[in-house]
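Asks: According to the numbering used here, the stretch in the sequence shown is residues 1 to 454, in order.
In short, the hints are calculated from the structure, not lab data. It is possible that part of the hints are untrue.
[Unchecked claim] Subject to a maximum C-alpha distance of 35 Å in a straight line, what follows is the list of computed DSBU-like cross-link-like pairs (lysine-lysine):
#, residue 1, residue 2
1, Lys226, Lys398
2, Lys116, Lys149
3, Lys229, Lys104
4, Lys54, Lys244
5, Lys54, Lys398
6, Lys244, Lys304
7, Lys226, Lys358
[Unchecked claim] Per label pair, the in silico range of CB-to-CB distance:
#, residue 1, residue 2, range
8, Gly324, Phe127, 42 to 48 Å
9, Ala353, Ser414, 48 to 54 Å
10, Glu289, Asp362, 29 to 35 Å
11, Ser145, Glu330, 29 to 35 Å
12, Asp171, Gly418, 49 to 55 Å
13, Leu261, Lys304, 42 to 48 Å
14, Glu256, Arg343, 37 to 43 Å
15, Asp279, Asp171, 29 to 35 Å
16, Lys398, Leu359, 34 to 40 Å
17, Glu289, Thr260, 17 to 23 Å
18, Pro107, Glu289, 32 to 38 Å
19, Gly430, Ala123, 45 to 51 Å
20, Thr71, Gly355, 17 to 23 Å
21, Lys226, Leu413, 47 to 53 Å
Computed from a predicted structure; not experimentally measured. No residue lacks a Cβ here, since even glycine has one placed at the ideal position from N, Cα and C.
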Amino acid sequence: MHDRVAAANRRGALDSDGTAAISGRERQAESISEIVESGLCVGCGLCQAIAGEKSIRFVMTPEGRERPVQTGRISRTDWLSIARTCPGMHVAGSDDKGRQEQAKIDPVWGPYHDLKLGHAADAGIRFRAASGGVLTALGHYLLESGQVKFILQVRPSNDHPMRTETVMSRDSASVTASSGSRYGPATPLATILDALDTGRPFAFVGKPCDVTALRLYAREDARVEKQCKFMLALVCGGAPEFRKSLDLVHELGYEEEDVTLFRYRGFGNPGRTRIEFHDGHAEERTYSEMWADESKWCIQARCKICPDAIGESADIAAADFWLGGTPSGEDAGFNSIIIRSRRGGQLLSEAIAAGAIKLTRDVTVEEMSDTQPHQVRKKANLWARLVGMRAAGHPVPKIEGLRLSDLARGQSLSELLGNARGARSRCRDGRLSEPPALAEGNLATNPGSPAKPE
1 MHDRVAAANR RGALDSDGTA AISGRERQAE SISEIVESGL CVGCGLCQAI AGEKSIRFVM
61 TPEGRERPVQ TGRISRTDWL SIARTCPGMH VAGSDDKGRQ EQAKIDPVWG PYHDLKLGHA
121 ADAGIRFRAA SGGVLTALGH YLLESGQVKF ILQVRPSNDH PMRTETVMSR DSASVTASSG
181 SRYGPATPLA TILDALDTGR PFAFVGKPCD VTALRLYARE DARVEKQCKF MLALVCGGAP
241 EFRKSLDLVH ELGYEEEDVT LFRYRGFGNP GRTRIEFHDG HAEERTYSEM WADESKWCIQ
301 ARCKICPDAI GESADIAAAD FWLGGTPSGE DAGFNSIIIR SRRGGQLLSE AIAAGAIKLT
361 RDVTVEEMSD TQPHQVRKKA NLWARLVGMR AAGHPVPKIE GLRLSDLARG QSLSELLGNA
421 RGARSRCRDG RLSEPPALAE GNLATNPGSP AKPE
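Please construct the entire structure, taking both the sequences and the accompanying hints into account.
Replies: Shown next, in the form of structure tokens:
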């Protein structure tokens, strides 16, 4: 281990007086409630799928987070499966697979076969979707080519337009209706058994944490590898709580039930946030107006310590491509495309040949880091932050791979200690924790209902 990291471990101190160990004993959560209250839950829904709705159900908490509540006995077998697959407890990289496939492996960006800049070839998809519409175009191609029977993904709820529901998109119209960003809670894996029980091949589109969980669940259920032909991810800046959107509606003098449309992005790149109401009134906000003030993002605690927000376990990951990390205005829409696996490379080649995707040029790792600087900073600082959490006795995820200690070697001792002390302080102040989720959560509609076939 590099001298600075080793020195931090030998020094064994987060306090100036040297009393607190920097690499305390790792502790993991031991119950559903502890996962939630420790701020480790991302609300993916997988625990409900494993244990069943009689044992776990999801509620929308008063803070605007979709969280599991234990409502019945969880068998030891199911709990062990949850502990192995919950992305709040376990995050695994795919370096081993990358090495087997002779992929390049970058310390920050992980395994990749190629980096491209591109967009949906269809102008309508490109305009409507977030960024360049690559994931939407791939969904269209997979269905039209017959490689899958449906896409398991999320979209705006028909009944509650501010909220997000999971669907099995079986045609192009449904895939298009699911396009665009959803900056709010979603539980796409609560319905994974419904997808597997169809016995049909499908593709999954989700956040990196969702994909990580599904890859881990493939170790538990052999049907995942057999039926889920492709896992596609968006590069994620963090999942805001529902209150981010609700606060805006309240500022405008309305309630959730008054909203008929809540579109975060799309119809241009980055596109405007648009809200429509029953009385015919509509409001729009630019991307900068929505997201310039990071203190108002309302990002979930688990997102702040995410070791993989870039889709390392996906076959293909797609990201915004704005040099400098923020848009300077509207453009036609582009995605950087990270080809993670040979399977993903084959899919992209076929989609290009079929006219579904157009490539603009190659992208370098340096450009990826320039367009996603927050991902670089977070990953470089994460090893020390986890050390600080351990020192505070806070549960942390078990992490396989992801090269966090390698990235820590590039930090100075003062940076390592600063990040560790900061994380420990936030744990002690409760800033990385959450109130318990209660069965009577007051923003209730159950997001864990079966995925709707489209």
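Asks: Could you run down the list of hints and mark each one as holding or not?
Replies: Results for each hint:
{"no.": "1", "hint": "Lys226 with Lys398", "in the structure": "holds, 26 Å"}
{"no.": "2", "hint": "Lys116 with Lys149", "in the structure": "holds, 27 Å"}
{"no.": "3", "hint": "Lys229 with Lys104", "in the structure": "holds, 23 Å"}
{"no.": "4", "hint": "Lys54 with Lys244", "in the structure": "holds, 31 Å"}
{"no.": "5", "hint": "Lys54 with Lys398", "in the structure": "holds, 28 Å"}
{"no.": "6", "hint": "Lys244 with Lys304", "in the structure": "holds, 16 Å"}
{"no.": "7", "hint": "Lys226 with Lys358", "in the structure": "holds, 29 Å"}
{"no.": "8", "hint": "Gly324 with Phe127: 42 to 48 Å", "in the structure": "violated, 23 Å"}
{"no.": "9", "hint": "Ala353 with Ser414: 48 to 54 Å", "in the structure": "holds, 52 Å"}
{"no.": "10", "hint": "Glu289 with Asp362: 29 to 35 Å", "in the structure": "holds, 34 Å"}
{"no.": "11", "hint": "Ser145 with Glu330: 29 to 35 Å", "in the structure": "holds, 32 Å"}
{"no.": "12", "hint": "Asp171 with Gly418: 49 to 55 Å", "in the structure": "holds, 52 Å"}
{"no.": "13", "hint": "Leu261 with Lys304: 42 to 48 Å", "in the structure": "violated, 30 Å"}
{"no.": "14", "hint": "Glu256 with Arg343: 37 to 43 Å", "in the structure": "holds, 41 Å"}
{"no.": "15", "hint": "Asp279 with Asp171: 29 to 35 Å", "in the structure": "holds, 33 Å"}
{"no.": "16", "hint": "Lys398 with Leu359: 34 to 40 Å", "in the structure": "holds, 38 Å"}
{"no.": "17", "hint": "Glu289 with Thr260: 17 to 23 Å", "in the structure": "holds, 21 Å"}
{"no.": "18", "hint": "Pro107 with Glu289: 32 to 38 Å", "in the structure": "holds, 35 Å"}
{"no.": "19", "hint": "Gly430 with Ala123: 45 to 51 Å", "in the structure": "holds, 49 Å"}
{"no.": "20", "hint": "Thr71 with Gly355: 17 to 23 Å", "in the structure": "violated, 49 Å"}
{"no.": "21", "hint": "Lys226 with Leu413: 47 to 53 Å", "in the structure": "holds, 49 Å"}
Hints 8, 13, 20, counting from the list given before, are not met by this structure.
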